[in-house]
Amino acid sequence: MAVVFEKTKMLTDAVFHYCPGCNHGIAHRLVAESIEGLGLTDNVIGVAPVGCAVFAYNYFNCDMYEAAHGRAPAVATGIKRVHPDTCVFTYQGDGDLASIGTAEIVHAAMRGEKITTIFINNAIYGMTGGQMAPTTLPGMKTTTSPYGRDTLQCGHPVRMCELLNTLVEPRFIARGSLSSPKEINRSKKLLRQAFELQHEGFTFVELLSTCPTGWGLTPEQSQQWLERNMVPFFPINVFREPNQMPEAAKKYTPDLKVSDDKPKEG
Amino acid sequence: MALTLMKGSEAIAEAAIRAGCRYFFGYPITPQTEIPEYMSARMPEIGGCFLQAESEVSAINMVYGAAGTGERVLTSSSSPGVSLKQEGISYIACSRLPCVIINVMRGGPGLGSIQASQGDYLQATKGGGHGDYKLIVLAPASVQESVDMMKLAFELGEKYLNPVMIVADGMICQMMEPVVLPEMVDFKVDYKAKPWAANGKHPSADHKRAVINSLYITVEELDGINETLQKGYREIEKNETRYEAYNMEGAEIIVTAFGTVARICKSAIDDLKAKGINVGLLRPITLYPFPYEAVHNAAVAPGVKAVLDVELNAGQMLEDVKLAINGDQKVEFYGRYGSHMPTSEEIYEKLLSMREGF
Numbered sequence: 001m002a003v004v005f006e007k008t009k010m011l012t013d014a015v016f017h018y019c020p021g022c023n024h025g026i027a028h029r030l031v032a033e034s035i036e037g038l039g040l041t042d043n044v045i046g047v048a049p050v051g052c053a054v055f056a057y058n059y060f061n062c063d064m065y066e067a068a069h070g071r072a073p074a075v076a077t078g079i080k081r082v083h084p085d086t087c088v089f090t091y092q093g094d095g096d097l098a099s100i101g102t103a104e105i106v107h108a109a110m111r112g113e114k115i116t117t118i119f120i121n122n123a124i125y126g127m128t129g130g131q132m133a134p135t136t137l138p139g140m141k142t143t144t145s146p147y148g149r150d151t152l153q154c155g156h157p158v159r160m161c162e163l164l165n166t167l168v169e170p171r172f173i174a175r176g177s178l179s180s181p182k183e184i185n186r187s188k189k190l191l192r193q194a195f196e197l198q199h200e201g202f203t204f205v206e207l208l209s210t211c212p213t214g215w216g217l218t219p220e221q222s223q224q225w226l227e228r229n230m231v232p233f234f235p236i237n238v239f240r241e242p243n244q245m246p247e248a249a250k251k252y253t254p255d256l257k258v259s260d261d262k263p264k265e266g
Numbered sequence: 267m268a269l270t271l272m273k274g275s276e277a278i279a280e281a282a283i284r285a286g287c288r289y290f291f292g293y294p295i296t297p298q299t300e301i302p303e304y305m306s307a308r309m310p311e312i313g314g315c316f317l318q319a320e321s322e323v324s325a326i327n328m329v330y331g332a333a334g335t336g337e338r339v340l341t342s343s344s345s346p347g348v349s350l351k352q353e354g355i356s357y358i359a360c361s362r363l364p365c366v367i368i369n370v371m372r373g374g375p376g377l378g379s380i381q382a383s384q385g386d387y388l389q390a391t392k393g394g395g396h397g398d399y400k401l402i403v404l405a406p407a408s409v410q411e412s413v414d415m416m417k418l419a420f421e422l423g424e425k426y427l428n429p430v431m432i433v434a435d436g437m438i439c440q441m442m443e444p445v446v447l448p449e450m451v452d453f454k455v456d457y458k459a460k461p462w463a464a465n466g467k468h469p470s471a472d473h474k475r476a477v478i479n480s481l482y483i484t485v486e487e488l489d490g491i492n493e494t495l496q497k498g499y500r501e502i503e504k505n506e507t508r509y510e511a512y513n514m515e516g517a518e519i520i521v522t523a524f525g526t527v528a529r530i531c532k533s534a535i536d537d538l539k540a541k542g543i544n545v546g547l548l549r550p551i552t553l554y555p556f557p558y559e560a561v562h563n564a565a566v567a568p569g570v571k572a573v574l575d576v577e578l579n580a581g582q583m584l585e586d587v588k589l590a591i592n593g594d595q596k597v598e599f600y601g602r603y604g605s606h607m608p609t610s611e612e613i614y615e616k617l618l619s620m621r622e623g624f
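Those protein sequence lines, which keep their order, are chains A and B.
Take 1 as the starting number for the first sequence in the numbering used here and just add one per residue.
Take 267 as the starting number for the second sequence in the numbering used here and just add one per residue.
None of these hints come from the bench; they were simulated from the model.
Heads up, a few of these hints could be off.
[Claimed, not checked] Subject to a maximum C-alpha distance of 30 Å in a straight line, what follows is the list of computed BS3-like cross-link-like pairs (lysine-lysine):
(1) B:Lys458 <-> B:Lys417
(2) B:Lys474 <-> A:Lys188
(3) B:Lys460 <-> A:Lys9
(4) B:Lys541 <-> B:Lys596
(5) B:Lys467 <-> A:Lys9
(6) B:Lys467 <-> A:Lys7
(7) B:Lys458 <-> A:Lys9
[To be verified] Ranges between beta-carbon positions, derived for each pair:
(8) A:Asn237 <-> B:Ser306: 54 to 64 Å
(9) A:Gln153 <-> B:Gly313: 50 to 60 Å
(10) A:Thr102 <-> B:Ser306: 17 to 27 Å
(11) A:Tyr252 <-> B:Asp489: 52 to 62 Å
(12) A:His17 <-> B:Asp398: 53 to 63 Å
(13) A:Met110 <-> B:Glu503: 52 to 62 Å
[As the list claims (entries may be wrong)] Partial list, derived from the structure: chain A residues whose beta carbon lies under 8 Å from chain B:
(14) Glu6
(15) Asn43
(16) Val54
(17) Cys62
(18) Gly78
(19) Val82
(20) Thr86
Nothing here was measured: the structure is a model prediction, and the numbers come from that model.
Note that the Cβ used here is the ideal one computed from N, Cα and C, for glycine as well.
So that you can see chain A by itself, here it is in the shape it has in the complex (with noise of 0.2 Å):
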């Protein structure tokens, strides 16, 4: 009988601890085909975050690390500067990310550090058993803004991608989701894309998850709701590629000269 299909061997044998409906189990597998695909199973190191991925370092069959609450993009710099040639990625919620880590994200991309950042988005906390995250929703409920987040105490959700591309460095930002096969395939091509590009610069790739869980939601509820209200203020877009590289990236060259003149003489 002919082989029509096999796992990833970039992901292990364990069972995912996530809850039904969750798009972890689908990112994981995103994740781990993108990198066999692209031949680098043996040379690749992971950086999990904290949150409900933490266990990551259970299912990402390669050298992997646990980092602190947002501090993976940190780990990752340490760990690319002594292999630079070396793929080197963390995936990381958007707590772990946009909240505690955001220095840390800033300044990876901001140096261009050569890793790849993959942010799961389900606007909640969902380890911690569903708390306001810096991207819920205007009104949503959760276990922290019972009578839904409030703008006028709390502000808008933040943009990660948005806010990234106005950094020069980065070299790949691009938002996807996972509530539809057609979602996931596109998904599937912007992580390859983001991994391929690694090597040029700081690569970033978004995705849009669901957590029916903390949503209070059934798993087929939630994808239409990811649809219905994160796609308005979370667009799915490629904000930058190496070859449309907008005004914000542009490098900037001072001649660091105080001015034109010659110095005065005597």
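Start from chain A and add chain B according to the hints.
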């Protein structure tokens, strides 16, 4: 041996490089900024990596990342910055990674001052971050000793798979002294000898993947790692306790002090000796492991009538000195808060006044 006149911070940085350190992650803070400054110029010359992080929090996590590859990795900071590093240090300690952290202590609490202090003794020796862990803590009293400690620090870290902290003070890093620099060490990571180190190779029958982690979610697993850590600390206590004993013969009083303060005490002791009064100095070189036995033995030696603990803080090592002596000798304390360095005359007078009570 050629002597070079060097500023403490630069001598320490050069010594780290000569000990095989090729990765430095830091952040500017007075009075240690000359270490990152020196590294920023020197590392590119020798193919190493200097990186100025966005914060001390990031710098220590870069250390975590780089240390997990088995390389010799260094960061330095000063008290407020070291407080920020504590989260990362706790993770590094639990993940059992070797690295070296320098704390050039300045006055505190809070933003404190930029002058020399010893106010971080408790933070350095009793854990500092969350959880049951220990750092190996080395306290140099001169620029030369700081230089000599760098290689030892990396070696101890690798031997016990434990982070090592060097606590200096602003005085040691800011003063210039003649030093003998060691030879350059040719350091290469041997991944066979360090199976825990990450190098990106895919796992196979004879190669397990590296998982660098401090999460142990079940009771049994967490018990296991803590047992391993504690066993390591008992080994460190057994093998690595270091101290200097000075002028112990016929001493009436034993002074306990570390770092720069111990040097000032030495001057006072020499002045008293010239007058025919014998005072001994017991200077812990490893603050953890603390030389409990040596301190106790010195304190109860025949002829000794009291112990004087001298520190640039409100009495932090004093707790360990008292634990060591366990009530078997009278212990007095002479302390100055950080930034107010006592003179040898003040200590001389204090020791004389203690004799009046004998």
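For each hint, the structure was consulted:
1. B:Lys458 <-> B:Lys417: Satisfied, since the Cα-Cα distance of roughly 22 Å is no more than 30 Å.
2. B:Lys474 <-> A:Lys188: 28 Å, holds
3. B:Lys460 <-> A:Lys9: Holds. B:Lys460 to A:Lys9 sits at ~24 Å (cutoff 30 Å).
4. B:Lys541 <-> B:Lys596: 24 Å, holds
5. B:Lys467 <-> A:Lys9: Distance of about 13 Å is within 30 Å: holds.
6. B:Lys467 <-> A:Lys7: 19 Å, holds
7. B:Lys458 <-> A:Lys9: 23 Å, holds
8. A:Asn237 <-> B:Ser306: 54 to 64 Å: 38 Å, violated
9. A:Gln153 <-> B:Gly313: 50 to 60 Å: At roughly 52 Å between Cβ atoms, B:Gly313 and A:Gln153 fall inside 50 to 60 Å, so the hint holds.
10. A:Thr102 <-> B:Ser306: 17 to 27 Å: 26 Å, holds
11. A:Tyr252 <-> B:Asp489: 52 to 62 Å: Roughly 55 Å apart at Cβ, these two residues keep to the hinted range, so it holds.
12. A:His17 <-> B:Asp398: 53 to 63 Å: 27 Å, violated
13. A:Met110 <-> B:Glu503: 52 to 62 Å: Hint violated: Cβ distance 44 Å, outside 52 to 62 Å.
14. Glu6: For A:Glu6, the interface hint is violated, since the closest Cβ of chain B sits about 16 Å away, which is over 8 Å.
15. Asn43: 5 Å, holds
16. Val54: OK, holds: A:Val54 within 8 Å of chain B, min 6 Å.
17. Cys62: With Cβ-Cβ at 6 Å, under 8 Å, it holds.
18. Gly78: Because about 3 Å separates A:Gly78 from the closest Cβ in chain B, which is inside the 8 Å limit, the hint holds.
19. Val82: 4 Å, holds
20. Thr86: 4 Å, holds
The structure shown violates the earlier hints numbered 8, 12, 13 and 14.
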